[in-house]
Amino acid sequence: MNLKQSAISRMLTALLLFAGVLAACGGGEPTDSGMDMGSEDGGMGDMDMGGGDVETSGEEVVHGDLHISAVWSRPGFRGDNGAVYMMVMNDGDADTLIGAHTDAAAATELHEMTMEGDVMKMQLVSGGLEIPAGGHVELDSGGYHFMLVDLQDDLQPGGHFPLILQFENGGEVTVEVEVVEP
Amino acid sequence: MLGPLSAGQWLLFVGALIVGLLIMFVVMNNRTQSIVAQPHTFSGLPYDPVEPAPDFSLFDTSGQLVQLSDFRGKIVMLFFGYTNCPLACPTTLSIWKQVHQSLGADANDVRFVLISVDPERDTAEKLEQHLTIFNSDFIGLRGDMIDTESIAQAYNVYIEYEDVGSAAGYLIHHTALTYVIDKEGQLVMAFPYETGAPEITADLQYLIRQ
Numbered sequence: 001m002n003l004k005q006s007a008i009s010r011m012l013t014a015l016l017l018f019a020g021v022l023a024a025c026g027g028g029e030p031t032d033s034g035m036d037m038g039s040e041d042g043g044m045g046d047m048d049m050g051g052g053d054v055e056t057s058g059e060e061v062v063h064g065d066l067h068i069s070a071v072w073s074r075p076g077f078r079g080d081n082g083a084v085y086m087m088v089m090n091d092g093d094a095d096t097l098i099g100a101h102t103d104a105a106a107a108t109e110l111h112e113m114t115m116e117g118d119v120m121k122m123q124l125v126s127g128g129l130e131i132p133a134g135g136h137v138e139l140d141s142g143g144y145h146f147m148l149v150d151l152q153d154d155l156q157p158g159g160h161f162p163l164i165l166q167f168e169n170g171g172e173v174t175v176e177v178e179v180v181e182p
Numbered sequence: 001m002l003g004p005l006s007a008g009q010w011l012l013f014v015g016a017l018i019v020g021l022l023i024m025f026v027v028m029n030n031r032t033q034s035i036v037a038q039p040h041t042f043s044g045l046p047y048d049p050v051e052p053a054p055d056f057s058l059f060d061t062s063g064q065l066v067q068l069s070d071f072r073g074k075i076v077m078l079f080f081g082y083t084n085c086p087l088a089c090p091t092t093l094s095i096w097k098q099v100h101q102s103l104g105a106d107a108n109d110v111r112f113v114l115i116s117v118d119p120e121r122d123t124a125e126k127l128e129q130h131l132t133i134f135n136s137d138f139i140g141l142r143g144d145m146i147d148t149e150s151i152a153q154a155y156n157v158y159i160e161y162e163d164v165g166s167a168a169g170y171l172i173h174h175t176a177l178t179y180v181i182d183k184e185g186q187l188v189m190a191f192p193y194e195t196g197a198p199e200i201t202a203d204l205q206y207l208i209r210q
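Chains as they are written, first to last, in my numbering: chain S, 1 to 182; chain X, 1 to 210.
Looking at chain X on its own, in the form it has when it is part of the complex (with noise of 0.2 Å):
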């Protein structure tokens, strides 16, 4: 049977009582800061300061007409490519589909958009056909043309066709930059061809929680 502690047993029972606590405040005070929000570096090349991203209005693969203003209150990922391109296009569209995959719910507030600089050889069905290949939730985009190079030049995107004497026919010189504009249609930042999806799904989480 236990007897009554002394008050020098009561002080010892105190004071452990209180290291402990210390310790664990301590601790998960360390832990907190590390937590609270650092302020957020992009990987992507910033706007400075960032500006209205420029409208336009496309086809999409289901011939309905959309406008960039549609997406106001989601992220859009903006790329300038083409179906018949080997190579930066199925790059820059599978680290997409890596970025979707990452984003888990959070994908439901970005819009993966592909405008085509090919319209002439991406019909409709071609480029929704191509972007299965990746994921059924992008978005391909096409017009006319002159519609094409007007929107390509208001976005600063270089495009060459040239004839190098390959069996594909022309190919294209395009910049392969991804556009990123904000849920309030300010381009923002711009990330360079090969900028890996972890880097990408990062600065998509930080624009998705502004």
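Bound-form chain S, shown alone (with noise of 0.2 Å):
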């Protein structure tokens, strides 16, 4: 190859190139505008309790069939009221969720809040929850919950106080009530 061919192809190369370089400036996706609402995944705790992800310890407690796991709460003030959410899943028989307690409040009620149209309404549940053989309940947002009547102290964000739940068949069972930062 002579030196005027050698040139020639160090020239196409260095067009091809540029070519390139060109096509990639071009294109390229542009860049997110950046709306990621910071859900982790890392936790085995995360769920979706409406209102965004929350990520809880993942902790789940096992008392004989059921597994009550996600177990948290807002944090609040002193003479608030106050609400915990929870997933109870059932390996076992069904089984009913009768109530709670928890000296962190004066009174705690199982609550159900329905919505009628766009208006929230909110009930307390006498006959407790039914948790089907095999299945599970969800105390989120949209339903059931645990109300907190007359909280005894604050609750702190990253804080715990534990809650005895009801069961009829399952007895007695103490679970800790993560406090989460909203």
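Just so you know, not all the hints are guaranteed correct.
Some chain X residues close to chain S (C-beta under 10 Å, calculated; not the full set) [claimed, not checked]:
1. Thr91
2. Leu93
3. Ile95
4. Lys97
5. Gly185
6. Gln186
7. Tyr193
With a cut-off of at most 20 Å between alpha-carbon atoms, the simulated SDA-like pairs for lysine to any residue come out as follows [to be verified]:
8. S/Lys121 <-> X/Tyr158
9. S/Lys121 <-> X/Asp137
10. S/Lys121 <-> X/Asn156
It is worth saying that the hints were derived from the structure and are not from the lab.
Every residue gets a Cβ at the ideal spot worked out from N, C-alpha and C, and that includes glycine.
Each of the two chains sits in its own frame; use the hints to bring them together as a complex.
Okay, here's the thing in structure tokens:
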């Protein structure tokens, strides 16, 4: 190959690279507007609690056939009311969650929220909440929840407090409620 | 040392240059078209036609009288709730908190306002304290029962006080929509309960830029 030809081949290579670079510069996706809500996929305890994903410790309490997990509440001030949410899975025969008790509140009640159109209605649940055999119930922002009436002390984000759950067949089991920053 | 190129070789050079430029042009054009504003579809329920948001006069948590018209030039997110509410209200305020964070600097153009439907139990202090759980920029407003009821009625907000036998005393069944008022004071849409923060943020960003 003489000098002229090698110069040409170098020039052509440079041109092809140049064309490639222009195409690459002109291409590419517009950058994301960065609306990542920061929901972390790390923990096992991630749940969509309406209002976005809430990350809990992923701990699970096993009581006979019942698996109770993702037990959480929001922060609150002494004298406020609060709510506790959780997931209860049942590997065995049907059971009923009849109530709960905690020293963190003057009273703990099982409530159901229903939407009638856009109106939120709240009801005290008297018969308890049935957990079907082999099924589960989720206490969340769309329906059932435990209402904590008259908090005896502030609930600080990052803190936790014990809650005793009462099941018709399963009896009592204590779980720790995680106080999660909204 | 490079020698001069022949005409053919120059043609090849120019040809490659043109091809490169064409590729760039085509790709950039496609990219530009995807950035050019698509007509925005609201996630919320639009008011059609939009209507002037009923003005109101209520007290904020420092005791100052506040009118809705004071917020002209800002987008107002309005919710009727109460602090003893264990569910719909904190859930909504949690979503508002996420929206506020996502908006970043745009949050300056939005006012998040909670009107208490329980002024008897929601003192100014309690209201302010409750909002600090979420964001201390959120505005809590309250007034006497008569004013509260007439404002609720103007916004078509259902409020029902019921003694359900709870140790909490009476509970309040109420409309859980978030109302959105634009910079000109028009009611433009309402977000149903639990509309996600990304959807709300996108709608607000659109309204801010109008």
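Check each numbered hint against the structure and report the violated ones by number, ascending.
-> Hint check: 5, 6, 9 fail, others pass.
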